[in-house]
Amino acid sequence: MNDALTKLFASHETQIHPAVHRWLSEPSRVHRTVSGKRLQVLSPGRINPHHDGPDFLDAAILLDSVVLVGSIEFDKQRSLWVAHHHTTNARYQSVVLHVVLESDTDRDDLPEALVVPADELLNVIETPMPSEPNTTLDEIQGYALLRLLRLSAQHAEYYRNRTIREGFAYSVRTFLEQYAKKRRRPTYAAERLDYLLGRVAESEHVQFLEAIVGGQVLVVVQRLAELTRTPIADEGQH
Numbered sequence: 001m002n003d004a005l006t007k008l009f010a011s012h013e014t015q016i017h018p019a020v021h022r023w024l025s026e027p028s029r030v031h032r033t034v035s036g037k038r039l040q041v042l043s044p045g046r047i048n049p050h051h052d053g054p055d056f057l058d059a060a061i062l063l064d065s066v067v068l069v070g071s072i073e074f075d076k077q078r079s080l081w082v083a084h085h086h087t088t089n090a091r092y093q094s095v096v097l098h099v100v101l102e103s104d105t106d107r108d109d110l111p112e113a114l115v116v117p118a119d120e121l122l123n124v125i126e127t128p129m130p131s132e133p134n135t136t137l138d139e140i141q142g143y144a145l146l147r148l149l150r151l152s153a154q155h156a157e158y159y160r161n162r163t164i165r166e167g168f169a170y171s172v173r174t175f176l177e178q179y180a181k182k183r184r185r186p187t188y189a190a191e192r193l194d195y196l197l198g199r200v201a202e203s204e205h206v207q208f209l210e211a212i213v214g215g216q217v218l219v220v221v222q223r224l225a226e227l228t229r230t231p232i233a234d235e236g237q238h
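The opening residue of the sequence shown carries number 1 in this note's numbering; numbering runs sequentially from there.
Check the hints yourself; a few may be wrong.
With a cut-off of at most 30 Å between alpha-carbon atoms, the simulated DSBU-like pairs for lysine-lysine come out as follows [stated by the list, open to error]:
id : residue 1 : residue 2
1  : K37       : K76
2  : K7        : K37
3  : K76       : K182
Calculated from the structure, these hints are not laboratory results.
Taking the hints into account, I'd like the entire structure generated from these sequences.
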């Protein structure tokens, strides 16, 4: 056991919670779970002040290509999930991620687990927090998460019983149909819109979706930022 891990094990878990929350608050970071799945924490949620259930509530994660919303639990060791009787406690049925300092069991009937590097977590603890918490950022993150969930449910219907390319083309067509109904909008000829739809299936955007579904390791936030500047066809040039 290294020095950082020794110090963390000597601390009470509740003292570590704020640091774990800060460490998880980087949505562009790509992790690997104990089982080898690709993970991004879209939102670490909020710290549970009552200590009568999971440590972080209303969290959202991207596990491989699936968005999961629920709670996150932190324990020093993965085996404590069983020792603390979380399996039989209804409050913990919402847990989508178990964050631990040490994975000390190979059981495959436990929640998806993520090991926090002790050195990184100790560095977070030793880095002073800003004098005033940024509540505005938390509020924005919360609103963004609600919008993400609503749009995720909507787009899930676009892809139901369709391939990725078919689903993406359908979502673009739906957007353009709604766009055409707006009164105040730039006017585009129907031919140009048809040309755009014809290019959708071969665009970088659909390749990005296929890469996610195929399990490729991507920095999703960075790639999304690049794609917002990448035209599907020639839109924005006229």
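Now the hints, each set against the structure:
The suggested pairing of K37 with K76 holds, with an alpha-carbon distance near 21 Å, which does not exceed 30 Å. For the suggested pair K7 and K37, the alpha carbons sit about 29 Å apart, so the restraint of at most 30 Å is met. Restraint check: the Cα-Cα separation between K76 and K182 comes to about 54 Å, which exceeds 30 Å; the hinted pair is violated.
Violation of the numbered hints given earlier is confined to hint 3; every other hint is satisfied by the structure.
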